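These protein sequence lines map, in sequence, to chains C and G.
Every letter in the first sequence is one number past the one before it in this note's numbering, and letter 158, counting from 1, is 158.
Every letter in the second sequence is one number past the one before it in this note's numbering, and letter 130, counting from 1, is 130.
Just so you know, the hints here were simulated from the structure itself, not pulled from any lab data.
Fair warning: there could be bad hints in the mix.
Identical copies look the same in the list; a pair holds intra-copy or inter-copy alike.
Think about it this way: if two alpha-carbon atoms lie no more than 27 Å apart in a straight line, the pair counts; the simulated DSS-like pairs of lysine-lysine are [to be verified]:
#1 Lys315 <-> Lys374
#2 Lys332 <-> Lys34
#3 Lys373 <-> Lys292
#4 Lys34 <-> Lys292
#5 Lys332 <-> Lys373
#6 Lys254 <-> Lys217
Just so we're clear, the structure is a prediction, and the values are computed from it rather than from any experiment.
There are 2 protein chains.
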Amino acid sequence: MATSKNNLKEEFLKEVSDGKHRFIDIALDSELPKRIREAVSKLRKFKKVIILGIGGSALGGIAVMRALYRPLKHMEDDSTHFFFLDQIDPDLIYHLSHNLDLKETHFISISKSGDTIEPASLYKLFYQKIVDAGLDPKEHFSFVTGEDGFFAEEAKKIGAIHLILPPYLSGRFSVLSEVGLFPAVLAGINIEEILEGARQAYEEFYTALDLAITQDKLYQEGKIITVVFPYSYRLNRFADWYIQLMAESLGKTKDIGPTPIRAIGPTDQHAQLQLFMEGPRNKQVLFLEVEKHHHDPQIPGENYTLEDLINAEKKGTGQALEDAGIPTQTIKLPYIDAKAVGNLIMTLELQIALLGKMYGIETYKQPGVEAGKKITREILQNS
Amino acid sequence: MATSKNNLKEEFLKEVSDGKHRFIDIALDSELPKRIREAVSKLRKFKKVIILGIGGSALGGIAVMRALYRPLKHMEDDSTHFFFLDQIDPDLIYHLSHNLDLKETHFISISKSGDTIEPASLYKLFYQKIVDAGLDPKEHFSFVTGEDGFFAEEAKKIGAIHLILPPYLSGRFSVLSEVGLFPAVLAGINIEEILEGARQAYEEFYTALDLAITQDKLYQEGKIITVVFPYSYRLNRFADWYIQLMAESLGKTKDIGPTPIRAIGPTDQHAQLQLFMEGPRNKQVLFLEVEKHHHDPQIPGENYTLEDLINAEKKGTGQALEDAGIPTQTIKLPYIDAKAVGNLIMTLELQIALLGKMYGIETYKQPGVEAGKKITREILQNS
C-alpha cells in the first residue's frame with residue numbers, strides 16, 4: 001500500500017507538470033495577488049458589492065467570505081456589505097433592485113464562459129438601472145471572465161476593470177484564482193496568506209492523498225453517500241462549495257459517482273442524524289472541526305463554554321456514528337485564519353482531483369448540464 | 001390500484017381519529033390562532049426577535065418566514081428583524097451578543113422537551129445579559145415549550161409568556177402549531193390563512209397520497225435518494241425543513257429510509273446537475289415551482305422576464321432529467337401566499353406520515369440521536 005500511495009503521488013505530480021491540473025499552477029503563481037491588488041487599487045470604496053455569478057463563480061467566494069469576513073458584519077453600518085447574487089427569483093431581484101443605493105454599489109460580474117444566462121440577465125437589468133440613474137457604468141461594474149464572450153465585450157465597451165480567466169480553468173476549481181480572490185481582496189482579506197496555506201497543503205500532499213484513498217475505499221464498500229459535516233458556522237458554506245466540487249467532478253458515469261450531502265453541526269444532529277445512525281448504512285462522513293475560536297463565551301452557571309459544547313458534540317456524534325458502523329474522517333483546523341482556509345481549499349481540491357484520476361474520469365468537464373440548457377433556450381425563444 | 005389507494009386513505013383517516021397523527025388535530029384546532037394572538041397582544045413591539053431553538057423548533061419557522069415575510073426586509077431599517085439562532089458557533093454568538101441592542105430585542109425560547117442543550121445554553125447566556133443590563137426578563141423572553149422542563153420552570157420563575165406544547169407533538173411536525181405560528185404572528189403573517197390552506201390540503205388528501213405512492217414506488221425501484229429542488233428563493237428553506245421531516249421520520253432501519261438531499265434552482269444546475277444527469281441512477285426529484293410571482297422584472301433588450309427564465313429553466317431541467325431516466329414530481333404553487341404555504345406544509349407532512357404508515361415505522365420518534373448526546377454529556381462532565 002505504501003508503494004502504491006507513493007506511486008499515485010508521483011503519477012499525479014507528473015500530470016501536474018504535464019499541465020493536466022492547472023488549478024494548482026494558478027494558485028501557485030506568485031504574480032496572482034499583485035494582479036488582483038493592482039485592479040482593486042483603481043476602484044473607489046463602495047458600501048455594497050454585489051457579485052453576479054452562479055455555481056463555481058459564487059460558491060468558493062461565499063465560503064471564503066463566511067469564514068474570514070467578520071461574522072455578522074452586516075449588522076454594523078460602517079462596513080461594506082457583500083452579496084453574492086447567485087439567484088434569479090423574480091421577487092428577490094425586484095426587492096433587491098428597488099432597495100439598492102446605486103451610487104454606493106459596485107457589481108462584479110463573474111463567468112468563465114462570459115455568457116452564463118443568469119448573471120448575464122442580471123447584468124443587463126442592473127446596467128440599465130445604473131445608466132437610468134445617470135451613473136457611469138465604468139465605475140460600477142468590473143468583470144472576471146475569459147478573453148471572449150458577452151462579459152468580455154461589455155468590459156471593453158464600457159472600459160471597466162477586466163480580470164482575465166484562462167480558458168482551461170474549471171469554475172469549481174477556481175476559488176484560488178481571480179474568481180474567489182478579487183471579492184476577497186475587496187473585503188480586506190489577506191489573500192497572500194490564503195495562497196500560502198494552499199502552497200503548504202500542496203507541499204504536504206499526504207493529507208489530501210489519505211482523504212482520497214479512504215473516501216474511495218469506503219465508496220467501494222457501499223458508502224456511496226458522503227456527508228460533509230462542518231461543526232462551525234464560519235465553515236458551513238464550505239459544504240456547498242465541496243458538494244459542487246465532488247458532484248460535478250466525479251459524477252460522470254452510471255457506475256461510479258459519490259453523492260455528497262450537507263449536514264451542519266450541531267444543527268443537523270436535530271434533523272438528519274436519526275437517518276445517518278439507524279437508516280441504510282450507505283453513508284460516510286467528512287467532518288470539519290475547529291479547535292480554537294477567536295472568542296469563546298462561558299455559559300453562566302455551567303462548567304462549559306460554547307467551544308467546549310460544540311467540540312464535545314462533534315466528538316460525541318463522531319463516536320456514536322463510528323459505533324453504529326458509519327465511518328468518519330475529520331479535517332481539523334487549529335484556528336480559522338486565512339492560511340488555514342487556503343490549506344483547507346487546496347486539500348479538498350487535491351482530494352477530488354486525485355479521486356478523478358483514480359476513477360479515470362474527465363474531472364474538469366461537465367457535459368451533463370447541456371441538455372437542460374438547450375431545452376430552456378428553446379422554451380425562451382418560443383415564449 | 002384505485003382500491004388500494006382508497007383503502008390506504010381510509011386506514012389512515014381511521015388512525016387520525018384514533019389519535020395517531022396528532023399534528024393534524026393541532027393544525028385543525030380552531031382555537032389555535034386565538035391562543036397565539038392573545039399571547040402576542042401582551043408583547044410590546046421589538047425591533048429584533050431572536051428565536052432560540054434548533055431542528056424542528058426552527059426549520060419550519062424559517063421556511064415560513066422566508067416564504068411570507070418580505071424578501072430582504074432586513075435591508076429596510078424600520079422593520080423588525082427575525083433571527084433564528086439554531087447555531088452555537090462561539091464566534092457567531094460572541095459577535096451577535098455584542099452587537100445586539102438588548103432593549104429592543106425579544107427572545108423566544110422554543111423546545112418541546114424544554115431542555116435541549118443548545119437553546120438552553122444560549123438562553124442562560126442571554127438571560128444573564130438582560131439582567132446585567134438592568135432590564136426585566138419578563139419583557140424580553142417568551143417560551144414555547146411543554147408543561148415541564150427547564151424552559152417551563154424559567155417561564156414560571158420570571159412570569160413570562162408561556163405557550164404550552166402537548167407532549168405528543170413531534171418537533172418536525174410542529175410548524176402548524178405554536179412553534180411555527182407564534183414567530184409568524186409577530187412578523188405580521190396571516191396565520192389563519194396558513195391554517196386554511198392546511199385544512200384544504202387535508203380535505204383534498206389525494207395530492208399527498210399520490211406523492212407518497214410515487215415516492216415509494218420509485219424508492220423500491222432503486223431511487224433511494226430524493227432530491228428536493230425548489231425553483232424559488234422564497235421556498236428554498238422548505239428544502240431544509242423537508243429534509244428533517246423525511247430523514248428523521250423515515251430513517252429507522254437498515255433496510256429502508258430514503259436519503260433526502262437539497263438542490264436549489266437554478267443555482268444547482270451549475271453545481272449538482274452533472275451528477276444527477278450522468279452519475280448513478282439512484283435519484284428521484286421533487287420540484288417546487290411557483291407559477292406567478294408578485295413582481296416580475298423584464299430583462300432589458302431581451303424577450304423574456306425573470307419569471308419566464310426561472311420557469312423555463314425548471315421545465316428544461318425537468319425534461320432533461322426525465323429523458324436521462326431520473327423521474328421527477330412537481331408541486332406547483334400558483335402564487336406564494338399564506339394559504340399556498342399552509343397547503344404545501346400539510347401536503348408534505350401528510351406525504352411523510354403516509355410513507356411512515358406504509359413502511360410500518362414509528363414515524364414520530366427519533367431514538368437514533370440519543371447515543372451521541374450521552375457521549376457529549378460525558379465529555380462535558382469530565383471537562
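Against the structure, the hints come out as follows:
In this assembly of identical chains, the alpha carbons of Lys315 and Lys374 lie at most 27 Å apart only when taken from different copies (11 Å versus 47 Å within one copy). In the homo-oligomer, the alpha carbons of Lys332 and Lys34 never lie at most 27 Å apart, since the shortest distance is 31 Å inside one protomer and 50 Å across protomers. In this assembly of identical chains, Lys373 and Lys292 lie within 27 Å of each other by CA distance solely across copies; the values are 22 Å between and 45 Å within a copy. Taking the shortest Cα distances, Lys34 and Lys292 never come within 27 Å of each other, neither inside one copy (32 Å) nor across copies (47 Å).
In the homo-oligomer, the alpha carbons of Lys332 and Lys373 lie at most 27 Å apart only across protomers (21 Å), although the nearest pairing inside one protomer, at 39 Å, exceeds that limit. Taking the shortest Cα distances, Lys254 and Lys217 sit within 27 Å of each other both inside one copy (18 Å) and across copies (21 Å).
Hint compliance for this structure: hints 2, 4 are broken, all remaining hints hold.
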